[in-house]
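J.: Chain by chain, the residues:
There are 2 protein chains.
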Amino acid sequence: MDTPALASQPCPDDILAQSAALMSSQGYHGTSMRDLARTTGRSLSGLYHHFANKEELLYLINERGFSPLLANAERLRGEYRSGNGRPVAAGPASAALLCDLIGSHLGYFGSHLNEMRVLMFGTQPMSSAHGQAIRQLKERYTEIFNFAVGQYIEARREAATATEIERKTYLLFGMMNWIFGWYSLDEHGPVEALAEEIYTTFTKGCLALRPAAARDE
Amino acid sequence: MDTPALASQPCPDDILAQSAALMSSQGYHGTSMRDLARTTGRSLSGLYHHFANKEELLYLINERGFSPLLANAERLRGEYRSGNGRPVAAGPASAALLCDLIGSHLGYFGSHLNEMRVLMFGTQPMSSAHGQAIRQLKERYTEIFNFAVGQYIEARREAATATEIERKTYLLFGMMNWIFGWYSLDEHGPVEALAEEIYTTFTKGCLALRPAAARDE
DNA sequence: TTCGATACCGAACGAACGTTCGGCCTGTCA
DNA sequence: TGACAGGCCGAACGTTCGTTCGGTATCGAA
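Chains as they are written, first to last, in this note's numbering: chain A, 29 to 245; chain B, 29 to 245.
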């Protein structure tokens, strides 16, 4: 009898990678199990040895694609906090944290473009349990960036409100994530240079105070 | 005999709006003609009175959703150029152009969220002719922003290379377009305030010079 | 040498898909 | 009053979908 992959044996990486490639260009619903069987060089039924159903495959792509990125971000925040009995000035440290986070994000993006594209299509096609799990990973990740942006601003000008920090964090994510639609190594150079440009643009830009008349809350 | 809508009679707006709403949350392939018939309160076959096939419906959503936005941007650029026998200083004028473009973009985004989401899913499911048409609209639109960003920078610091301007334009689009994933009127206030924040962040950020060591080209 | 688990397959299932067809109303205009 | 076109159906077409089932080849442990 087949064991229908209750997360028992790990799903082979080549299946996940090739599925991500297909889904990133055609979408989840636009990619059929027969497409996947053909490109992975397996039979249709053979695929079901590695995951219970198509939806779980989507979950695995999301989970395995995103976890290393989150782990790295959590490590960076941990280093920032442990070096923070504050003999070191908070200013340079918060700049370094933000810079490292951006570099980590874009570096991973550049080498996992397909998985990141799938990730951005959203959790909507997933079962509530799987969708919830992925959404939690994303929230934890967002929270780290939110923290870093808050620390950066706090060390340099009058404190921003929580929702202002949140908005600015989303602007930063916008600059970083939008590259999925236009970036190519040949035309735009290595991601490291791009990361630096985004870091510079964001940090120079986010410190501006809004005119008092337009202040929110 | 039915005339299968060779762009003859215009497709009713309610069909386009409700189709965009459905497709924006489930994707093109994830939305069936039966879904559309149910939500528009029509029969399955009755839908085909207004467009030749599902793919043309996608094209119509894209075309009708994007055209007003492009027209507005072209008008703004026209006004900028006509006011440019340069008695007026180029600096303030280029700032106003950029500010207006951002305001136009976000204003339209805010009131056509579903159509814009569909637009961002890409032209891939469309036939080559339709896809090509939409891609051209997008290119003309991008080119206008590219022009505005170039003018803005040129009036304020040493000239940037074409690819640097292009990259910065994409960063701006990233900040603006990414809002589709997080923005809600209740939590984040009116789009006008957001437009101003993006304008400020971008203009303050984009003038920074990259350290010579990292200069490209 | 037998055993059981692992990795895989061909063939088929029922359901859902996009699309088509013939016909039915309800106006308008001659 | 009759002809006709536009807007819309119900029912069905052939195809493709995700998934299942019974079976086979391989291989390390007993």
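Rather than coming from a laboratory, the hints here were simulated on the basis of the structure. Each hint should be verified, as a subset may be incorrect.
What the hints assert, rightly or not - Simulated coverage check for chain A against chain B, where a stretch passes if three residues somewhere in it have a Cβ under 8 Å from a Cβ of chain B: (1) 52–58; (2) 149–159; (3) 196–203; (4) 222–228.
A quick note: this is a predicted structure, and the numbers were derived from the prediction, not measured. Every residue gets a Cβ at the ideal spot worked out from N, C-alpha and C, and that includes glycine.
J.: Each of the hints needs a verdict: does it hold here or not?
T.: Hint-by-hint comparison with the structure:
{"no.": "1", "hint": "52–58", "verdict": "holds (count 6)"}
{"no.": "2", "hint": "149–159", "verdict": "holds (count 3)"}
{"no.": "3", "hint": "196–203", "verdict": "holds (count 6)"}
{"no.": "4", "hint": "222–228", "verdict": "holds (count 5)"}
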